[in-house]
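**Student:** Its first residue numbered 1, the sequence shown is counted upward by one per residue in my numbering.
It is possible that some hints are incorrect.
FRET-style restraints, in silico, Cβ to Cβ [unchecked claim]:
#, residue 1, residue 2, range
1, Ser-153, Gly-91, 27 to 33 Å
2, Arg-224, Ala-163, 24 to 30 Å
3, Arg-224, Pro-80, 47 to 53 Å
4, Glu-118, Gly-173, 20 to 26 Å
Everything labelled a hint here was simulated from the structure, so no lab data went into it. Only a predicted model underlies this, so the values are computations on that prediction, with no experimental measurement involved. Even for Gly, the Cβ is constructed at its ideal location relative to N, Cα and C.
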Amino acid sequence: MTGQAVTPPARVLIVNADDFGLTRGVSRGILESYRRGIVTSTTLMVNRDADPAQLEELRASGMGVGLHVNLTLGAPVSDPKRVASLLDAAGQFVRDAREQAQRARPEEARIEIGNQIEAFRRLMGRFPTHLDSHHHVARDGALLDLLCFFARSLKAPMRAQDAGVRARAKQDGIRTPEHFMGESGPEPYWSREKVLEHLRALPPGVSEFMTHPGYFDDDLAYSRYGKQRETEVAGLTDPEARVLIAREGIRLAHFGNL
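Just need the whole structure built from these sequences, with the hints factored in.
**Tutor:** Structure follows, in structure tokens:
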């Protein structure tokens, strides 16, 4: 009697491109990384005046589109008087994520996040496929509690960039990927070599690649992660990545498929 072949556990991959709407160059890089590459999902920044033509292309695409909850860059979508604890003297969000998480009054952060969700609905004609936060500002404490509150209310998944966030989401029955990969340090992360390396080593279950593709322009000159985004476009659109995904039997998905 011969034994039956054992089917290996499924490997599912969400490739999320953060920061849609940050600049035209960033949005262009995300759209290209979807059309020509392996990006399956993006997260929209609703307070950055995204280009209308790029938004139209995004709405018509097959990408999952979540909300990139933003409390650390630019101006709020809410009345500034109602969210004063989130703002600096110039009326802009406090840039440092740790400082913002400490000083933000939960009731004011709740107003702003709720208004960003409503702004997303107006722009996209639907609610987000998932939630995450710019600069991981909502990775713990009261802001994580708020992100979980809204994810639960929307019945939407959320990013889990570490075991603590994953455990907190699980308490509320919120769906998250089981594995997370990605950084935005001083060096470009998703080079061609890094993309192929992570694909070869992808664990069973659902994984998220957090990526930051884009094209550098004057609007992005302020950012410490600017020109590095072009390396990510090249890595995420390298034809070998799709060949490897097919060969390894990896299924591409977005958060709306969870």
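**Student:** Against each hint, give a clear statement of whether it holds in the structure.
**Tutor:** For each hint, the structure was consulted:
1. Ser-153 - Gly-91: 27 to 33 Å: Holds - the Cβ-Cβ distance for Ser-153 and Gly-91, about 28 Å, lies within 27 to 33 Å.
2. Arg-224 - Ala-163: 24 to 30 Å: 27 Å, holds
3. Arg-224 - Pro-80: 47 to 53 Å: 26 Å, violated
4. Glu-118 - Gly-173: 20 to 26 Å: Holds, since Glu-118 and Gly-173 (Cβ atoms, about 24 Å apart) stay within the stated range.
In this structure, only the earlier hint numbered 3 is contradicted, and the remaining ones agree with it.
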